[in-house]
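Asks: Hey, can you work out the whole structure from these sequences and the hints?
Under our numbering, the first residue of the sequence shown carries the number 14, and numbering increases by one thereafter.
Derived from the structure by calculation, the hints contain no laboratory data. Only a predicted model underlies this, so the values are computations on that prediction, with no experimental measurement involved. Don't be surprised by glycine CBs; every beta carbon is placed ideally from N, CA and C. Where hints are given, some of them may not hold.
Said to hold, decoys possible - Here are the in silico distance ranges between beta carbons for each label pair:
| hint | residue 1 | residue 2 | range |
| --- | --- | --- | --- |
| 1 | Gly118 | His254 | 46 to 52 Å |
| 2 | Ala121 | Thr223 | 39 to 45 Å |
| 3 | His254 | Thr223 | 21 to 27 Å |
| 4 | Ala44 | Arg265 | 35 to 41 Å |
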Amino acid sequence: MPNLLAWQAATDWKTSPISLPANIEGFEMIAGPAPDPSWTGSPMVAYLGPSGERRIWYDGVMCQQMGSYASMFVLLHEIAHHTLLHTAQPIVPTLLLSAAQQSMGREAQADNVACREAVRFFPLEAPEVLDAIYKYWAAAQGSGGSSHPSDAQRAVNVYQQWQSYLSTARCDILVHNDPLTPRDAIVKLLGVLQVNPVLVDPLIHQAELTGSLRLNYDGNGYFYGQVVAFIREVIMDARKHGYPLMIDFAMR
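Replies: Structure below.
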């Protein structure tokens, strides 16, 4: 999984020169001049090395200009090209689909996977990641040429995908116990999450014994869109009061 905090530190335009990880979960990050001149003007491109290495070339200046959230989406998009085997299967025009149509289809597919992975990898930060790439494309208004959908179309697609995840994705909530967290804060949290009052004390006892508890609404999990804003607010409130309240999502 890409490390968002490390990525944010690496793409902080206050630091120079940019320094990104050389390897992310088996994907080699390649900086410097574009290996193929036709890539100039792209922030990143996924490709295979001479021995099949899964590589992602990136333009550090463009990553800085886009910012860490938008460029993280692009990274997830390029990783998707590898995992979908787009880089291993050259486009071959057919009677039914031209090379341009196939390329645009692959780009849309990689965008869809990147949206899903943003939520899966970074459920707390996904709103910023998807909002950043939406605003970037909405402002850029590039045509996309013969290989990519237009920026306007990609912005619309990302927005629609995000709204779909908000209404359909389900998750469990993990609450990690810390002795410095007031007990009444956990009680309040469980109450807002509609946990049966009879179960509150046993759940807190479980957290104290095991270090964490897993909340699972009616056995089916919570709708991600219903709890993401609340969980973010809970974390900010805990920070404001100076006590730790560690909460994670377990996406289904």
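Asks: Evaluate each hint against the coordinates.
Replies: Against the structure, the hints come out as follows:
{"no.": "1", "hint": "Gly118 x His254: 46 to 52 Å", "in the structure": "holds, 50 Å"}
{"no.": "2", "hint": "Ala121 x Thr223: 39 to 45 Å", "in the structure": "holds, 43 Å"}
{"no.": "3", "hint": "His254 x Thr223: 21 to 27 Å", "in the structure": "holds, 25 Å"}
{"no.": "4", "hint": "Ala44 x Arg265: 35 to 41 Å", "in the structure": "holds, 37 Å"}
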